[in-house]
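Trainee: Line by line, the protein sequences give chains A and B.
Just so you know, we're using my numbering here: the first sequence kicks off at -1 and counts up by one.
Just so you know, we're using my numbering here: the second sequence kicks off at 514 and counts up by one.
Warning: the hint list may mix true and false statements.
As the list claims (entries may be wrong) - Capping the alpha-carbon separation at 27 Å, the derived lysine-lysine pairs in DSSO-like fashion look like this:
#: 1; chain 1: B; residue 1: Lys711; chain 2: A; residue 2: Lys200
#: 2; chain 1: A; residue 1: Lys276; chain 2: B; residue 2: Lys535
#: 3; chain 1: A; residue 1: Lys264; chain 2: B; residue 2: Lys711
#: 4; chain 1: B; residue 1: Lys535; chain 2: A; residue 2: Lys264
#: 5; chain 1: A; residue 1: Lys185; chain 2: B; residue 2: Lys638
#: 6; chain 1: B; residue 1: Lys638; chain 2: A; residue 2: Lys264
Rather than coming from a laboratory, the hints here were simulated on the basis of the structure.
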Amino acid sequence: MIPEWMKEVETGPSECCPSSVDKKKSFVEKSISGILNFFQESMISEGYTKRDGLLQSIDPRVKLVSFLVVIFAVSLTRDVEIIFVVYLLTLLLAYLSKIEISFFIKRVWVFVPIFAGIIVLPIIFNVFMPGDNLVTLATLGNGTHLGPLPLPSTIYITKQGTISAVTFILRVATCVSIAVLLVLTTKRDVFFKSLRSLRVPKVYVLTLDMCYRYVFLLMDAVRDFYTAKKSRTIKTLPMGEEQKWVAGRIGYVLLKSLDTSERVHKAMISRGFDGDVKLMHDYVMQKRDYATIVAVSAFSVILVLVSQNIIVT
Amino acid sequence: METVFELQNVSYTYLEKFQALKDVNLTMTTGEQIVVVGANGSGKSTLLSILAALIYPTAGEFHAFGNSVTEEAFNSLDDNEFGRYFRKKVGVVFQNPDIQLFCSTVFDEIAFGPLQLGMPQEEAKRRTEEIMSMMDISGLRDRAPHTLSGGEKKKVCIASVLSINPDVLLLDEPTAGLDPRSQLWLVELLQDLAKAGKTIITATHDLDIIEQISTRAIVFGEDHTIKADSDCSAVMKDLELLVSANLIHKHMHRHATLMHEHLHAHDGAHHHEH
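Could you build all of it, start to finish, from the sequences and the hints given here?
Mentor: This is how it looks when you write it as structure tokens:
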């Protein structure tokens, strides 16, 4: 049945070369392993939702509304000290919710400097925002131009710019910390369902929930593609070929996701789905939930009043 | 016995090009246990999809519970009492659990059907707990489907359908990908459901379970027509039929009731030893 060439088997000792070690990964491997690590980490972080901590015990709807109120109040606050106090409170809440502080800080500060830092960096220089000299960087003399842009005789970091930048970064970090606390202490399905308390339409809640569920399935497919390719790769392909392969697989994943969505829709129909989804809501508000929402609302109002100098500290 | 499904000269063509079913005539009655057997691509799954009113015949007529099943009749369950009745009566277990398990937890998955069919929350919750306990999956309550093993996924799939308590159960390749212990569990469950009077229609090419879960076998040929519709034991004894339907290899055969498989070689002249 098999052709003659297939009957040839190499016997005897291997004449091959010693294995070489190349630590560099291809861009495809780097991207895929990065995405997979992200998903793996998000699965691991779901473990925090099961811990017996303070925030885990609060009704998800109360948590969602309370955190949104605090984020709103922090975004109105101008006083850097007050924002810092709120940031410290998020660390305390993380501790009381049995989240490792080092993990929590890392989770927040990995993204904040990248996004907020880059945005806010220019305002610390007197080139963009005048202010009092804090640190002199360069003395250029009068009449210096950068293209059509006239430059000041001395370039320095301003005191006002630095305060504004620190306030902005700290505000972003505090808001991100609050959001991270919410996500780490609330199960995904419960979190999505709690969006209903904000009157988010049921169909969006279900869609979000299903996206989260199926993104794992599609990631598994991507991993399988890559593993299969790797198992048959004898030599590294040129960058162009790799890019072609990635483009082809992206197209295939799109088709697969469309096909899956059609099949899932049929599965939903077979169990009575008629376009008007009905979700299970079995949350019961406890006394502590009412106390939480009152306390958080009062705290947020005081925060805004103090920061707007309506209450003088 | 009442007629559950009746198909008259039913054909189905995908994209107006690829024929999946050809001139199918069938009547299925309440309490029957039927297997639909055939090779890959013979039309088993298409037939199941038609019986589940998920696709509609491109030719011929399909009646369920005495009513004509058409796309128009199922467009909206809101305005369609029969549609709602049908979904309550007929449950489908799909071959791929990842398609069927679309909720984020096992509990929500099992509660989905009862809630959609208008069951009050408390009752749906109670029923979900009962089904989980019956299927011995209470420990999986808050687990996400993608974290379950193949056997666990299949159990949750079946639980999500049984929670509706359908009278007719359609199963597409239910033993695919299951280990022997899970297969045995499934066979026993189907036997219990049969004893309870459920109508069970299973599409499979797993010949080992056919006689354990059904009394009637419908054999599809590779030309998408019905080659035989008879009792299971007669079909299983008809080796020529099974070979022509590509269900058994010509070197796999039975000795009395034992399936016999032997080593054989194709290198040069064919020979084998018993």
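Trainee: For a C-alpha distance cap of 27 Å, please report whether Lys535 (chain B) and Lys264 (chain A) respect it.
Mentor: Between Lys535 (chain B) and Lys264 (chain A) the Cα gap is close to 23 Å, so the pair holds against 27 Å.
Trainee: Does Lys711 (chain B) pair with Lys200 (chain A) here, judged by a C-alpha cut-off of 27 Å?
Mentor: violated (34 Å)
Trainee: Is the straight-line distance between the alpha-carbon of Lys638 (chain B) and that of Lys264 (chain A) 27 Å or less?
Mentor: holds (24 Å)
Trainee: Mind checking the alpha carbons of Lys276 (chain A) and Lys535 (chain B) for me, to see if they're no more than 27 Å apart?
Mentor: Between Lys276 (chain A) and Lys535 (chain B) the Cα gap is close to 39 Å, so the pair fails against 27 Å, i.e. violated.
Trainee: Would you mind confirming whether the straight-line C-alpha gap from Lys185 (chain A) to Lys638 (chain B) stays at or under 27 Å?
Mentor: Holds, at roughly 19 Å.
Trainee: Compare the distance between the alpha carbons of Lys264 (chain A) and Lys711 (chain B) with 27 Å, and conclude whether the hinted pair is satisfied.
Mentor: With Cα atoms ~23 Å apart, Lys264 (chain A) and Lys711 (chain B) stay inside 27 Å; holds.
The structure fails hints 1 and 2 (numbered hints given earlier, in ascending order).
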